[in-house]
Each structure stands twice: as structure tokens, then as C-alpha cells.
Amino acid sequence: MSGKLVIQTDFGLQDGAVNAMYGVAYQVDAALSITDLTHEITPFDIHDASYRLLQSVSYWPKETVFVSVVDPGVGSKRRSVVALLTSGQYIITPDNGTLTYVKNAIGIKEVREINEETQRLAGSSDSHTFHGRDVYMYNGARLASKKITFENLGTLVSPESISTFPLNPPTQKETLIEGTIDILDIRFGSLWTNIPLDFLKNWNVQYGDIFQVDIYEKEVLRYQQQVTFGRSFAQVKPHEPVLYINSLLNIGLGLNLGSFASTYHIETGTDWKIIIKKENLS
Amino acid sequence: MSGKLVIQTDFGLQDGAVNAMYGVAYQVDAALSITDLTHEITPFDIHDASYRLLQSVSYWPKETVFVSVVDPGVGSKRRSVVALLTSGQYIITPDNGTLTYVKNAIGIKEVREINEETQRLAGSSDSHTFHGRDVYMYNGARLASKKITFENLGTLVSPESISTFPLNPPTQKETLIEGTIDILDIRFGSLWTNIPLDFLKNWNVQYGDIFQVDIYEKEVLRYQQQVTFGRSFAQVKPHEPVLYINSLLNIGLGLNLGSFASTYHIETGTDWKIIIKKENLS
Amino acid sequence: MSGKLVIQTDFGLQDGAVNAMYGVAYQVDAALSITDLTHEITPFDIHDASYRLLQSVSYWPKETVFVSVVDPGVGSKRRSVVALLTSGQYIITPDNGTLTYVKNAIGIKEVREINEETQRLAGSSDSHTFHGRDVYMYNGARLASKKITFENLGTLVSPESISTFPLNPPTQKETLIEGTIDILDIRFGSLWTNIPLDFLKNWNVQYGDIFQVDIYEKEVLRYQQQVTFGRSFAQVKPHEPVLYINSLLNIGLGLNLGSFASTYHIETGTDWKIIIKKENLS
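Residue numbers (our numbering), protein chains in the order written: chain A, 20 to 301; chain B, 20 to 301; chain C, 20 to 301.
Read the hints as simulated data drawn from the structure, not as lab findings.
Model, not experiment: these values are computed from the prediction.
One or more of the hints may lead you astray.
Just so you know, same-sequence chains aren't split out, so a pair can sit in one copy or run between any two.
As the list claims (entries may be wrong) - Each computed DSS-like pair below joins lysine-lysine, with the alpha-carbon atoms no more than 30 Å apart:
1. K165 with K81
2. K81 with K297
3. K166 with K81
4. K96 with K220
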């Protein structure tokens, strides 16, 4: 059996761009197994591209090759790299911050820089605006199908040299946890924070415990309420809020059968801070 | 060759959730063949999830495993089940009404209840909000790849115990047929009724015959017009209405090159009744 | 290994229609490799269906079978055909203009007409509104899996008899190039013209050269500005316009990190003319 290739872009699926990428990969090796991560990343949104990789990459077999193309600097001097994660998968991407979350949460073992001029689809040298097809997918297919080794795909560079955007680590005090709202569970409108399950374990929290939750946009209080910690949404009544452990084992905040984000107009990013207060020590 | 797995959810494709499900399945068996049914079910819309299964399941080879995850009660005590249809395919789903249409129109041969605590992805026991990944896809992959048998996947329960929502059967009198508008052909705006082709055959209907069509929302008349029964949309002029046999061999009502539903503000569900009157017996 | 099948429709992915097509194909040959081109073609938009095939088909291995179903005339007397391109891929489609761009830019070697009554899914003869499933996909799967040969799939007809819509060829004078805006790079809002790279090569254009660009809707001037010819978007400052070579090696016009089409309200089609003027011969 041939290798596994997974693609993520901000190209959408309305035109033929992603399909041309598939064609290029199958020309490299017709037996490849190719899967979409998502193509609905908001154009140029490197933050979300980085998060969606974190959400999925570690569930895949070792040696799976991820190709992520959210590339506002296509054709500029930004590097093209291939990273080997400590969990054993590869990611090929422009070096523009896309690797931030996996570097922080999973770890990068080795990174190589790909030479875009020599390592590209034959006959594609007149086009400089579709590296997703001509560079990233082409090389992803070669690596996944073992037509080229990781070692021969590029020149070793330091993992410390990888571009990243800043992440604010969550903090825990005796009765207060502070974190940020990283991203939404888009379809259902729940908030996903950067606060790990372990913080609640430190407090010996039980299902049914109640906490005060404050949400600030910069210094402005946007939400304040008592919220139950539940095993799942079903622990609270319809349209009531619930703190829960999300599928990445971080703390989430949602409404049972409703959208927390649209109900309370909450957005995401480092401007959005969440504070969880333990009122009564038991 | 390994087995076939088909997935349906209300998760959308904007984030990494569905892709993590794929990764889990390939960890079970890298040779699986996985296809999306749709991930665009409106969140929590069990009716449409049930209908979309009916629309596609019987076109697939026997032993294909469908995984359907529209699960407003995730983490509650609702059962997780695997059903073997009389047509030979399997469906793994929360037992929340999703099986209604296939039970009614195809038939269920056997149902087993899956133990969510013992039959789940290793290491997933801290997460109770993504059974799509940790329970349904994991078990779907095991069944499709024959790593586990249907018999060993769960405990036999009675098909009669399966949760269903009510369906109003269509009725036929000498000159009048009455049915409901089950669902839209979304992209084209045609109405799909629950009235089978056989009812028209009983009347010896010919292409070109004209019928009076009334549509009621509860007791309020919302549409009344003479409509031609056509072989296809092309039988009538652009923007004229046509009664036709849809791809499930039920009666549809559409506008040639237009959207019936948006033109006449027609919706779906048991509140929406359609009456077809045969004016002149030939 | 079995063959490759690629599908394009205007059905969307919200219901079970496309999935039923997959099931039919796998019933023909469970080992087929099937990929979506796009299902988001605007309903009945034959122009865009034709363009999206051009955008992707030549990147695929020879003998790949494309099935394109944008079929406003389903059930009418329009022909169903299978075309063998000079580049070696097949396209199965209603003969309604869908082959226009590939005929013009790639070339058609041979065309055969498929008999819809005899060459269709067994048991589907009561349905006349889903030829995508019952005729096109079924025959695409048979051809891709070599269960039937191209020769036996239909009767030879003349490539000249194929339905096409008119295309206005671009023109080049000593200091002026004129073309049309064929389509958008939808997600990013860039304009794709029908003017080939060769026209700029004839002028010995260098990256950084500046041209006057006029855009007319019929006789009305809708845009006029000096625009830099860049290697890629990154050649100009954010939100500045850039002429560039797109991924099909035609001239594109975009805004770096912005949407040209929505910023300047530019649309596509033969009413939209673009004129590029070379001001100073160097």
C-alpha cells in the first residue's frame, strides 16, 4: 500500500484548484491515499490553519504527510519547509506561522527547507502563484509515496528558526484560572480555550461543580455567569451554559443545543480572555 | 481489498473534526475506503440525517458501513447502535430517530447496542463530546475492516425498540392523492413528497396528463395550480411547474430551471400537505 | 490498480445525491479511485463547468475518466457523450457546451454518443431526472474500470458536431492587448483573463514593468489604472493591483491580500473586456 497524504488550504472547493493538486499527486503515484483536512480556512488565516493541523494531525498514522497551503506570501522569499513532528507525521507548508500550534503542543523533531526552484513540478516554472500545486502537493506526493526521502527533500534547518506567532500560556492560581479563547467549534458555536484538563484535575473538580466564568475583550467584561462543569452538553438544560472537556482535552464553554459565540457575541484570539473562578474550596 | 466506510455528520468541513475521524479510521486499517455522505446536515436535524441515509444507502454494496453522527444527546444516556439493514448495509448511529426512514422504507434485520465505555478509541475516556471520533468512527472502521464482527460489536436488541419519529403515510382515493412534503432537493428547490410512483401507476397516468395540485401549511392553502406530469423538467417551459418521478421513485414537484420552494415559499415537514386531484377520468 | 474517476456537478454536497453516485460507481468496481472536482458549480452554469474542467483535467493521468453533470436539459433530447481528449483523459457529459473550453484549449480526439436507454443502471428506467447517477456515473465507472471499452460505450460522432458556446479570442497589436475576463479565482477575487503568457513574451515584458489597464463592461469604462506586472502578488504592496501569470499561464489581475473583483465590482463573461496598454517601448 502506498502512503497517506492529507491536504489543507484556503482555496475553497468551488473551483478546480484543489482538484488539479490531486491530479499532480496521482501523477507522482496513482496509488496514493489522499484526504482533505479542510479547504475552508478563511483566506490568509494562518492562525486557524495552524490550529486545524493541531486538531487532526496526531490522530493519523505515523509517516502521514500533511500539506498545508495558506500562503499570503506566495512568490515572496518566505521559505518552504517540511517538518517531522515528534509524533511521527510530516507537514509541508510555507514557513509563515502555520507550524506554531504543533510546535508548541506536539513538538518538531526536524525541519528541512525545500528548494522551490529545483524541487517542483516539471514545466511549472512560468507560474509563481500556485505553489500549492507546483511545489507543496508535488513534494508531498513524492514524500508520501517514498519517491524521495525526507533527507533528500531539503536542507536541514533549525526548528528554532521556524516562524511562529505568539501564544499566551494559560495560568492557574489557587482559586483562579486564566486563559484565552483560541478558536470556535464553528458549527456549534462553542468556545475552545487554551486551558488544559489538567488544571481542573489539579482542583479535583467533579461533574456538577459550579464556577464563575468571566470573559473579557481586552479590558471590557463581555460575559459573567455561574456555569456548571458537565460531562457533556446533556448535563445542563437546553440553552444553559456548560463548561466541558473538549475533544482536544482542553476546556470548552458552550450552550446545550445553542451557540454560545453568537448568543453572547464572543470572538476569538489573544484579545479574548477567559477567567474561571473557584468560589468555594471544598 | 478492505471494506467501505461512509460518513455523515452535522459537523461541517470547516474545521478538523471530520479529518480526525478519518485519521482514527485509518489507524484501525490504513486500507479502508472512506467516503463522505454529507457533513452539511443542519446541526441536530435528525429528520434530514435520516432522509439522506435513505437517499444513498441502498446504492452501496452490501456490507458497506455507514456512520451517521447527528447527536444532540452526545454524552447522555441515549444508546449507540449498529443496525443491519435488510438490503445488507450497516448503519452505526446514536439511537435518536436517525434510523426512521430506512426502517420504514428498507427494513432493519438486526440491531445491536454498542457499549460506549468498552468499545471506544484507546485513551479517549476523558472526552465525552466527540463520540463521532471516539466511538462511532472507531467502531465503524473496525466493522468495515472486519477487525470485529457484527455479532461481537454489541448486544442484540429488538428492532422494535429503535427510536423513530412519526411518519404520515400517503393515502390514495379514487380521484385524490394526499401526502406530505418530506424534504427539498436543496440545490434546485424542488419538493420531494412521500407519494410513491405506484400511486400514479394505479391511475394509469401518462406523461402530459394534468392534475390540480394544492399545498397546505396546516389548514392554510399556500399553492393551487394545474400542473403537468412530465417525464422530466424539460417537458414543460422554463419556470413552469411540473410533477415528476424523483430519483427515489417518489413524486416530486419542481419548476423547470427555477426553484419551486423559494418561488412559492414552501417548506417541509409534517405540517406541509400536498393534494393531487385527478380531474377527468379518461 | 483500478482506474481513476473524477466527478463534477452542480448538485452541492448538502444532500445524498453525490453519495448515491459514488455507491453506483463502487457497485461497478469497488476498487475504483474516485475524486471530486467540485459540486459547487452554480446550478445550470455550463460556462463555469466547462472552465473548471479546463483548469484541472490536464493535470491528471491519461485514461482518467471525468464525469461532469451540469444538465439543465436532463430528460430532454440533448445527447450524452464521451469525449477522448488529445491529452488522453476522457470526459462523460451531456452535450450542452460543457466541452467548449477543453475543445478549444486542449483538443478533442474522438467523441462517442452514449445510448441513455440501453447504457444505464439496471432498474433505473422509471427515473428520468438523475442521469448523473443512472447514466453518467454508471458509464464513467464502467469506462474507468475497463468493464467496457471506449469503442463499445457509444457510437462515433464528429467532434465538430459537439455543442459549444462562443469564445472571443484575445488580440494583440503593437502596443495594445485586448481580451475578456473569463472567470474569477473565486476565493481570492482575482480576475482571470483569456490572454496567454505568450502575448507578454512577444513584448519582452519584465517583472516590474508598468501597464495601463482598462476594464469595460460593454462600452462603459469600469476601471482604469497603472498596474505593475509582478512575479506574484508579493511583488506589490498590500491592496495594490498586480498583473501576473496565473496557474493556467494566462494573465490574471489581482490585489495583493485583497479582492479585485469585489473592490472594483468587476464581473465575468464576454461583456467584460480588458485592455492592456504598453505606454513606453523600451
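To see whether the hints hold, each was checked on the structure:
1. K165 with K81: Both. Shortest intra-copy (14 Å) and inter-copy (22 Å) distances satisfy the 30 Å Cα cut-off.
2. K81 with K297: neither (40 Å within a copy, 54 Å between copies)
3. K166 with K81: Both: 17 Å inside a chain and 20 Å across chains, each within 30 Å.
4. K96 with K220: between (46 Å within a copy, 24 Å between copies)
Comparing the model with each earlier hint shows a violation of hint 2 alone; every other hint is respected.
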